[in-house]
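Student: Protein chains in written order, with this note's numbering: chain A, -9 to 232; chain B, 152 to 243.
These are computed hints drawn from the structure, not numbers from a lab. Just to be clear, a hint being listed does not mean it is correct.
[Claimed, not checked] Below 20 Å or equal to it, Euclidean Cα-Cα: the simulated SDA-like pairs (lysine to any residue) are:
hint : chain 1 : residue 1 : chain 2 : residue 2
1    : A       : Lys41     : A       : Leu31
2    : A       : Lys54     : B       : Arg204
3    : A       : Lys54     : B       : Ser201
4    : A       : Lys54     : B       : Gly200
What you are looking at is a predicted structure, and each value in this text was computed from that prediction instead of being measured.
In case you want the letters, here they are:
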Amino acid sequence: MDLELYDEEIAFYLPYFNIPINWTIASTWIVMAFLMLVSWLATRHLKTSNKVSHWQTGMEVLVKAIYGQIHEMTTGNPMTYLPFVGTLFIFILTCNLFTLIPEFKSPTASLSTTVALAFLVLLGIPFFGIKNAGLKKYLKKYLQPSPAMLPFNILSELTSTGAMAVRLFGNVLSGVIIGSICFMLVPVILPLPMQILGLFTGMIQAYIFAMLALMYISSVHEEDETPPLLSEEKQAETDETL
Amino acid sequence: MDLVAILGSISIFTAGFCLCVGASAAGLAEGYAVSSGLTSLAQQPDEAGSISRTMFISLAIIETSGIYCFVVAMILLFANPFWQYAVNAAVK
Chain A
-9 MDLELYDEEI
1 AFYLPYFNIP
11 INWTIASTWI
21 VMAFLMLVSW
31 LATRHLKTSN
41 KVSHWQTGME
51 VLVKAIYGQI
61 HEMTTGNPMT
71 YLPFVGTLFI
81 FILTCNLFTL
91 IPEFKSPTAS
101 LSTTVALAFL
111 VLLGIPFFGI
121 KNAGLKKYLK
131 KYLQPSPAML
141 PFNILSELTS
151 TGAMAVRLFG
161 NVLSGVIIGS
171 ICFMLVPVIL
181 PLPMQILGLF
191 TGMIQAYIFA
201 MLALMYISSV
211 HEEDETPPLL
221 SEEKQAETDE
231 TL
Chain B
152 MDLVAILGSI
162 SIFTAGFCLC
172 VGASAAGLAE
182 GYAVSSGLTS
192 LAQQPDEAGS
202 ISRTMFISLA
212 IIETSGIYCF
222 VVAMILLFAN
232 PFWQYAVNAA
242 VK
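Produce the entire structure from the sequences given, and follow the hints as far as they go.
Tutor: See the structure below:
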């Protein structure tokens, strides 16, 4: 058995250009194609009438769930973060669930993919910080609580996003390795509970990654801003609790 | 013993030790976190969503140290950076 180094295994060569494509990129493309197909199918006939397709209902449930989570976690308009955080969540979730397919080399079990995703979050911190609070207030965050903490604040930004990458990679890779070891020892029943556990951890890891990304990118924001509520139902609910 | 045998045995021992310490410490810490999370959940069932969300995020952050140990053990076992050097030295 060898450590699954998808970066070094060449899947195929691009025709005409003869550029080698490794398994990390190839499986990322497969996941991307799958997600594009599903979202194309789901958003084909969007309607607001009473009779909507099953696809649209499923999509609405998913988007609304992510919207609700973001709404609870942050102040400000959730739609600011929804495209970025939702995409991270759905992509990582699909990658993690695809580990169940035999012989599929999940992109999240490769350090390159997870580092790339964490790098996006690292870029998202200044982007959303400046967008929400302005450049001056964003830079001021690094001088809190005193200017002497400047190097530590920068370091904490880098290490926390780096830890996100290693966490996702380690979790998925451990699932893959345990699965393959179990498959080598007892190929009949034993891999099944491990795969079910893998489903659970894959879900949790996607959730954790998205939530941590949300926490980091929304760490700089305007204080006095009331978030808009999702629907009248929710409005009534919160009015009752108040 | 030659270099390959020494390096191999030390790598395997260190990987096992690393996983042993990492798994037990992370497990202990996560146990504490879950226990106090469940206590506060029992005291304030209304705040279930907020408490469990914070608990899951804390669990993930605690788990990172265990995951680091796992990654280091995997590197020692399967992608040891000194292994090729030892093999080359043994061939010479």
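Student: Against each hint, give a clear statement of whether it holds in the structure.
Tutor: Against the structure, the hints come out as follows:
Between A/Lys41 and A/Leu31, the direct Cα distance comes to roughly 17 Å. Compliance with the 20 Å bound is thereby established for this hinted pair. For the hint linking A/Lys54 to B/Arg204, the alpha-carbon distance of about 17 Å falls within 20 Å, and the restraint holds. Distance check on the hinted pair: A/Lys54 and B/Ser201 sit about 18 Å apart at the alpha-carbon level, within 20 Å; holds. Of the pairs offered as hints, the one joining A/Lys54 and B/Gly200 holds, with about 16 Å between alpha carbons and a cut-off of 20 Å not exceeded.
Figure legend: structure checked against the earlier numbered hints; every hint is met.
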